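Mind docking chains B, C and D on chain A? Use the hints.
Number of protein chains: 4
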Amino acid sequence: MIYFDSDYMAGAHPDVMQHLVETNLEQTVGYGCDQYTEHAIQLIREACGTPHAQVSLLVGGTQTNATIIDGILARHEGVLAAESAHINVHEAGAIEATGHKILILPQHEGKVWAEEVENYINEFYRDETFLHMVAPGMLYISFPTEYGTIYTLNELEALSQVCREAQIPLYIDGARLGYGLAADGGDVTLKDIARLADVFYIGGTKMGTLMGEAVVVTNPNLLKNITPLTKQHGALLAKGRLLGVQFEALFTNDLYMQIGRYAVELAMELKEEFIARGYEPVVDSPTNQQFFRLPNVLIDRLRQHASFELWGPQGETHSIVRFVTSWSTTYNDINQLVNLI
Amino acid sequence: MIYFDSDYMAGAHPDVMQHLVETNLEQTVGYGCDQYTEHAIQLIREACGTPHAQVSLLVGGTQTNATIIDGILARHEGVLAAESAHINVHEAGAIEATGHKILILPQHEGKVWAEEVENYINEFYRDETFLHMVAPGMLYISFPTEYGTIYTLNELEALSQVCREAQIPLYIDGARLGYGLAADGGDVTLKDIARLADVFYIGGTKMGTLMGEAVVVTNPNLLKNITPLTKQHGALLAKGRLLGVQFEALFTNDLYMQIGRYAVELAMELKEEFIARGYEPVVDSPTNQQFFRLPNVLIDRLRQHASFELWGPQGETHSIVRFVTSWSTTYNDINQLVNLI
Amino acid sequence: MIYFDSDYMAGAHPDVMQHLVETNLEQTVGYGCDQYTEHAIQLIREACGTPHAQVSLLVGGTQTNATIIDGILARHEGVLAAESAHINVHEAGAIEATGHKILILPQHEGKVWAEEVENYINEFYRDETFLHMVAPGMLYISFPTEYGTIYTLNELEALSQVCREAQIPLYIDGARLGYGLAADGGDVTLKDIARLADVFYIGGTKMGTLMGEAVVVTNPNLLKNITPLTKQHGALLAKGRLLGVQFEALFTNDLYMQIGRYAVELAMELKEEFIARGYEPVVDSPTNQQFFRLPNVLIDRLRQHASFELWGPQGETHSIVRFVTSWSTTYNDINQLVNLI
Amino acid sequence: MIYFDSDYMAGAHPDVMQHLVETNLEQTVGYGCDQYTEHAIQLIREACGTPHAQVSLLVGGTQTNATIIDGILARHEGVLAAESAHINVHEAGAIEATGHKILILPQHEGKVWAEEVENYINEFYRDETFLHMVAPGMLYISFPTEYGTIYTLNELEALSQVCREAQIPLYIDGARLGYGLAADGGDVTLKDIARLADVFYIGGTKMGTLMGEAVVVTNPNLLKNITPLTKQHGALLAKGRLLGVQFEALFTNDLYMQIGRYAVELAMELKEEFIARGYEPVVDSPTNQQFFRLPNVLIDRLRQHASFELWGPQGETHSIVRFVTSWSTTYNDINQLVNLI
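Chains A, B, C and D supply the protein sequences, listed in that same order. In case it helps, the working numbering puts the first sequence at residues 1 to 341. In case it helps, the working numbering puts the second sequence at residues 1 to 341. In case it helps, the working numbering puts the third sequence at residues 1 to 341. In case it helps, the working numbering puts the fourth sequence at residues 1 to 341.
Chain A with its partners taken away, still in its complex shape:
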């Protein structure tokens, strides 16, 4: 069986695993107060070009989103997000469980438009009944999006500007950040992300760690009490140094970006091969997620040898499927899949 379900089908990238093994028996203090975590934070600050950013290492993506959004919003506020946003679809209501509404924006291949964000905010305050409605308190975007698409630098600049004018923070969910920064034809760098967002996270789980997400807060007025908040949300790892060790590996020798580039390269190969066989992608994704609408009979046949996700419910004759590459995908995996078509 070959696996294209997602980018978390294997354990850790060998370099990450190696570092875990070599530090395994060492004893350190817990909860991320150790030297490995401290060093990892330094490396992340350097990579982001933000020497004073507050960096925290949390365990998983859903809890990271819940911790950040719950920590930032006032009780009467909600978070603006695309209808297709992970927090709106695939986190089992984790945001609402913290008491906050997701204020839905139209999605355009997974992206939101700065103009529509601006309009939403303007219309909100022009509504005479706005005090009875949930106020937009922050903007959530994902980079890359749930459809594998990315924002251009111009688009990000525009979103950031809209948020700053409206005085609401911009939060970027970077569960797959490395694949977005390595996107085919992309023009956004990690430093751009750090400059334009108020808070974002650098995903580890989908980029080669066993688990772990690095939250970077660049706006010093946000999330001053992130440690108890993280604990309250169950996102503070007892053996916190494990996250430090893994992010130290990811941010040494450019490994994070290498992983991104490698997986994107494979995804581009996969896309071309599907196109060459007459299957047009559903969205033109330049990153490691590729979406195709395939006949159900082909899907059934492929599934005998390959594992991948249906995207949404099965259609009557055709369904949308997703193929995801990662550091653990091989050219051989791609070839095998393509040969099955």
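Bear in mind the hints are in silico, worked out from the structure with no lab data behind them. Please note that the accuracy of each hint is not assured.
Each pair may be met inside one copy or between any two copies, as identical chains are not told apart.
To be verified - With a straight-line cut-off of 20 angstroms between C-alpha atoms, the simulated SDA-like cross-links for lysine to any residue are:
#1 Lys224 <-> Gln167
#2 Lys191 <-> Arg261
#3 Lys224 <-> Leu131
#4 Lys191 <-> Gln336
For clarity, every value in this text was computed on a predicted model and none was experimentally measured.
Just chains B, C and D now, with coordinates in the frame of chain A:
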């Protein structure tokens, strides 16, 4: 100034006020354990044709919705509702504040379609990732809707059937129930509501009481602990007998339905007069709320003498406005308004 | 039957009811944006000596506590309160339902000691694991307390000072504020309350209104968004002017304090009569609540003619009972009760 | 530096790490639907003697407690727990953040007494105002407790019986379960735990895994929807097989119990050495946590070479400290510590 903002612009209907005054100095136990409340509950059960229904009197609409929905849903479930539902728009996130997502259905002049409810549920369980999504745990509808429209008996039967097949409760928000039951051309009775819903509430505030909403639970497996839930949600009135006294008045001598019929009659008059002057209603509402798209210049002029709501943010040249009648509106009020056009 | 269960056994004080009746048919805008509410707010500001205080009228006590506490605390913070505090015992978990822990302080006849508050905060920050614990984010006290006792001015000054040094707000639950200000031998005025608290509420329900509590925020940095918060908590009355009308009556001609003094006078009479018959009060309350430990046989006999609460579960031979007076209690009621002993 | 802070100072037990390494590059489906997890679940069921128990692997302890407690309680219910319970002290309000009150019981060296649980429940329902109070909806105990003490089999039987008579579930937090089962002089087995609890968890983090806690639900009516609940609480690991792999190792060749016995042996050694030097333990713990009240000067001196926790805030001349052993502690570590005294 004449008031068409809503149906809560005056105090209580004179009969209700009279009953409050005549019982004012009497002493009773608190929290709704008094004889007036007991009698009111009996009258409501009779009117609904449900001798065993569990009836509770709560203070206001938003807290009633939050108490019922929070009390029914399991933690991983959400509530299906029209995009235009009061709980989704004008309750300041009260449902999400209890931890639950509102699962949005398309609205058709404020109504949801049974077929679309059914499809939503079916597609949900056919999605391979449904365990990561918020499960539909109940259906919320309003009768009449936020646009003043009503469901026909057939439509209600269909919705009820879909819910029962899916084994999720149907909850009807009856903030303006009396106006819906008295709708021009409507065919739904209070007994139908009681038969088809699992739980609903009979609005008092908008139907002539100072405050108060009567929750009727006909499904005996729901909301077994409604008293502590009501207390927790701040909806248990210390002087609970005030709600009993008022609902006793409303359900004596058919007052509740009389109020409904009177206000609807005035609203139909208002609608005809607007139509006669060339203004078509935005939706064809058969109840006490009427919506028109008017030129901003006319709105500005009307507002010098009449108070009413803009429906949504102001448009560039025209805006949608709402006129609402109630037991406290007079024919004279209608005439004055019409003469201003 | 004579009623001593609580101070909410009758409707509204006649002056309050009179004002409701005379304004009943008038139409005004809703949600507290009317002239009556505006005037009531002015009267309250004057009575408090705080011309710039933010005053809001909410419906009931439990929701007022939940709204204020939830609105003030950061997500990782809890509220310090006496073990016997109403929010800790008799609000069905309304505070926890907003996500916040109640941090329990010892109670001394219902009161907390400034020294113990200070110690709690100091010890908290001296605990090396404090980031894993719920931080004290505000102090809740009730005046008078749940045992009818009151703080002296010195005690209140000390509590206020501790809070200001620790930079946490002091919140005073004044459900029975008027009875506390009129306490036998008390030295605290409404202006003291307003000067020493950051936020407090002036109870209406237990002081002669049908319902309604007036929240006074004197610290301008707290609760800036109280309107949507109030709506979210279901505490925003549609017919908001009803609260304005009632508080206008309460704060006209010193009615609020008159009610307080009258009920306290009756309570002192009741206390003396009990003492004269050999029953010592459980706590020496100078306000309208009186607690006695009585033999169960006497309780059973009294209950044939009088209604009152057991305080806590029934004991084996004796139980603690509470007698409460209010504006609606008469000297005749007291005499009848006393004659039954 | 030698580490006695807690039982999570090193990485994974070598056998666990070995299994992670050898399976690292293998690809499997995510979220715990893999073969390793399935096998681990089988092994756990066998060890518990409960072939039909529902077993789930979650990431960390705080989120496990929050997920289980939130999933079991009705909205108006709270959880009974000792004042010293981890959920009441060191989880940053995670339980309250789900909306539930912790109902505090007296602690006796960390334990609750069956008689006091029974009394609490009886008194609750005998209080005439109980509908205004938070109902006891389940009992939480930890085994071993936060003070390292354990319940005897008789005590556990009594607690279980009280819960079953009251029809509330018994939940056992087994963060350190293996150390409790291996306690010096203990008479409780894993099968006893499974028989007497309705739900419990077998801690991995403190017993040799990188992270991970195995929830065992033996009462088939509880927690039917644990997967979406787990996701909502951020406790569903994307690379779920990592938990399966680790618990497979723990439950192979009796490793889990071996780890428990080894650490307890070291702790008994440490205790004896302290006693031999004149330091009496604060509680007589038969497990891997040992508490001593030491002079601050000694503490300062020890801290130059050894890392350990102050238990609570520092005292004026003496403070309570905790020493914890684990699989990663060596006899040499003990000797070094003892020699420092």
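List of violated hint numbers, smallest to largest:
Hint 4 is the one this structure does not satisfy, whereas the remaining hints hold.
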